[in-house]
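Trainee: Sequence:
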Amino acid sequence: MSSMSTSTDPPRLRQKTGGMGTGTGTIHPSPTESPATRSSTSTTSRIRTWTRNNSGDGNSNDGNNFLISTDPSLIPIPTLNEAFESEEMYWAKPLPEDVVREMLDRSVCFGLYLRQSLPNGGTVGKSRDDDDESLDRGGDRSVQSTTVPIPTSSSSSSGDQPTPTKALTGDQQSKVSTDVSSLIGFARAISDHVTFFYLTDVYIHPKYQKRGLGKWLISCVQELVEQDMPFLRRTMCIVGAGHDETIEFYRRLMKMEVLGGDVASVLSWRGPGATF
1 MSSMSTSTDP PRLRQKTGGM GTGTGTIHPS PTESPATRSS TSTTSRIRTW TRNNSGDGNS
61 NDGNNFLIST DPSLIPIPTL NEAFESEEMY WAKPLPEDVV REMLDRSVCF GLYLRQSLPN
121 GGTVGKSRDD DDESLDRGGD RSVQSTTVPI PTSSSSSSGD QPTPTKALTG DQQSKVSTDV
181 SSLIGFARAI SDHVTFFYLT DVYIHPKYQK RGLGKWLISC VQELVEQDMP FLRRTMCIVG
241 AGHDETIEFY RRLMKMEVLG GDVASVLSWR GPGATF
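Positions 1 to 276 (the numbering used here) are the ones given, in order, by the sequence shown.
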């Protein structure tokens, strides 16, 4: 359901270009990969990060910096279980911590974190104002690093584009976990990393809703899908009845359409963990 927390060699960073407008994600080899297996590992299983300065609500002095990471080890399970227990995630319920850890390790996870500082210790670079009125409301203010070139795009910027991402050095990447102060958003996908991508458990803490963060989170999800899954057959998500705005949200950001009976039939069985 969807609604609105070692290699012996230094990691080598590869800046991805293309995809959705100016958005770029930084890919880091997974800590569990050996050099011998990296070349055959799907890019969706490697760690990607996106950074953003300020919450997109027009307040440039609120001091908030945000990080999205696909590293499941950063996710605090107690905080995630609190989200599972909330009314916002009406389709979920808390699970034993070892079960949650197994679930995260088997999924493509996107943790959205509020940070006290950027990995280089401060806010650097120039900002871009975006006046697009999105479903999440508010513009989008992003930060580009002055230390690492950001690929440019001929596409015009819009509120539906992920914000530019700064590439991190090995030392900076090692500081990410210490800069993370709290998990405020989450999304995960069940995927074979090649042909199918099922999105679920999308969540933004109520305190941080209506600031464009949900739009940014899902735009980063779509960026990963479009850049790293060239043989994709279908992305899917389930939206509860009566959530027409949510349907429109995913139509805009992930190009999804409601399946009609003349297109396909989706079959489902309610397992013991189902809540509705």
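Since the hints were derived computationally from the structure, they do not count as laboratory data. Honestly, I wouldn't trust all of these hints.
Label-pair ranges, simulated between beta-carbon atoms [claimed, not checked]:
#1 I247 x E87: 17 to 27 Å
#2 P78 x D262: 44 to 54 Å
#3 E97 x G261: 17 to 27 Å
Bear in mind that the values here come from a model prediction, so they are computed numbers and not experimental data. We put the CB at the ideal spot given by N, CA and C, even for glycine.
Trainee: Using the Cβ atoms, figure out if P78 sits within 44 to 54 Å of D262.
Mentor: Taking Cβ atoms as reference, P78 and D262 lie about 46 Å apart, which means the hint holds.
Trainee: Holds or violated: 17 to 27 Å for the Cβ distance of I247 and E87?
Mentor: holds, 20 Å
Trainee: Please check whether E97 and G261 have a Cβ separation lying inside 17 to 27 Å.
Mentor: violated, 41 Å
The structure shown violates just one earlier hint, number 3.
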